[in-house]
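Undergrad: Sequence:
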Amino acid sequence: MPPHRRSLLPALALGAALTLTAAAAPQAAAEPDEEMLGHSLGLFAGNPEARRAAVEAIRASGREDMIPALIQARRFLTTVPGIEEALIELTGHEGADSWHEWMLWQEANPQIMPFEGFEIFKAALFMRIDPNFAFFLQPDVAHEIRLEEIVWGGVVKDGIPALTNPVLIAAAEADYLGAEELVFGVKINGDARAYPLRIMDWHEMFNDVVGGVPVSLAYCTLCGSGILFETTVEGRDAPFVFGSSGFLYRSNKLMYDQETHSLWNQFTGRPVVGPLTGSGIELKTRPVAITSWQAWRAANPETSVLSLETGHTRDYSPGAPYGAYFSSPDLMFPALVRQDDLQAKDYVFALRSSGTEKAWPLTRFAGGQVINDQAGILHIVLLGDEATRTVRAYRRDGQTFTRGESLAELRSEAGTWQVTEEALVGPGGERLARLPGHVAYWFAWAGYLGEEGEVAAQ
18 MPPHRRSLLP
28 ALALGAALTL
38 TAAAAPQAAA
48 EPDEEMLGHS
58 LGLFAGNPEA
68 RRAAVEAIRA
78 SGREDMIPAL
88 IQARRFLTTV
98 PGIEEALIEL
108 TGHEGADSWH
118 EWMLWQEANP
128 QIMPFEGFEI
138 FKAALFMRID
148 PNFAFFLQPD
158 VAHEIRLEEI
168 VWGGVVKDGI
178 PALTNPVLIA
188 AAEADYLGAE
198 ELVFGVKING
208 DARAYPLRIM
218 DWHEMFNDVV
228 GGVPVSLAYC
238 TLCGSGILFE
248 TTVEGRDAPF
258 VFGSSGFLYR
268 SNKLMYDQET
278 HSLWNQFTGR
288 PVVGPLTGSG
298 IELKTRPVAI
308 TSWQAWRAAN
318 PETSVLSLET
328 GHTRDYSPGA
338 PYGAYFSSPD
348 LMFPALVRQD
358 DLQAKDYVFA
368 LRSSGTEKAW
378 PLTRFAGGQV
388 INDQAGILHI
398 VLLGDEATRT
408 VRAYRRDGQT
418 FTRGESLAEL
428 RSEAGTWQVT
438 EEALVGPGGE
448 RLARLPGHVA
458 YWFAWAGYLG
468 EEGEVAAQ
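Note that the working numbering has the sequence shown beginning at 18, numbered continuously upward.
Heads up, a few of these hints could be off.
Claimed, not checked - Heads up, simulated DSSO-like pairs for lysine-lysine below, C-alpha to C-alpha not over 30 Å straight-line:
| # | residue 1 | residue 2 |
| --- | --- | --- |
| 1 | K301 | K174 |
| 2 | K301 | K362 |
| 3 | K174 | K362 |
Please keep in mind that the hints were generated in silico from the structure rather than gathered at the bench.
From just these sequences and the hints, can you work out the full model?
TA: What follows is the structure, given as structure tokens:
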């Protein structure tokens, strides 16, 4: 586990260090089940006998709605006897032998609802990790995801600090970057910016204004996706400014907005817990490309780039925080994965604008391929390079394109088209707009968009 995601785990593994009482819990607006709430809080009592008694009381109750509390406790209370046996008895399931596996069982069994007042128990527990988690979890909090599936990601609120209006430097000054290092490339209204992955791995979010447009890059390192969102929403006075909550949902980052402290799904750009839940807000996506620094600078010589002077002390060498995770086939946190055709951490390119969600395996772009395809009613052309995880998508409006003489050109019956960050520019100056999309691990796209989307053949 990367160092910034494990800073508090040793202390929390010691269940005896957590002393939770009903008095520590926030007051609920609805009537909680006080008996079951008391037993749940008792799981983390300072007295070992009290913890064992709480486990036995939950087991003896025979209540399925206590399963989520036991699964929550299973993560931290590794030395308290009886939790595993109680879970087996209440679920009738004997195939899990770890918190990770019990979380997968819980995801697969949405019919198991937690007891009334579970959110009080969860808030009380997480407030012992960081009192600021009270911003996100309160009694009767509005939510459209299962609260029992929200997990702690190993850091406190803003423990992975976002970069807001970060310092940028000219390309010629970025002598810390190697030619083949990867960057997130963004260009809006002629304003080109490069945000190196070696820096963004530590920060996972920037809030910036590019080409006069307020945007945030929400980068979930765990699901391999950096998504560029517009942060201005009609009817709101100011753009949203986002940070990292410290929470995850199905191994996906839950970001939060600083105005309302609602939790947002990083992958969908929608608020899912808190005051904005049900508001209908869904952030608009913008094009972003992962590419090599050399390729980005060659295509955009006027680009600026993040400075190493971020205001934070970090080891910004390539791969420092997540190198082992990126090279492993395993997930760090639990999430069910459909792996019939693709493995959990295979990369895909996700188109996010056609009205029909569609993903292309990144292997389709090996060697720098051009793909003429369709998503819903939209005819598109994609060009990319698997080696650098680079894919760009454009409208093609019925034309068929092939690779030109250079990477900066495509050809059609109409002639030669120039590939730019914002459009394909035809021989007569006509333009075919670029479409928003991003790269992600398969498990994330399949988990959030797979039911409503389409996958291109490998």
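Undergrad: The structure should be examined with respect to each hint, and the outcome stated for every one.
TA: Results of checking the hints against the structure:
no.	hint	result
1	K301 - K174	holds, 25 Å
2	K301 - K362	holds, 26 Å
3	K174 - K362	holds, 27 Å
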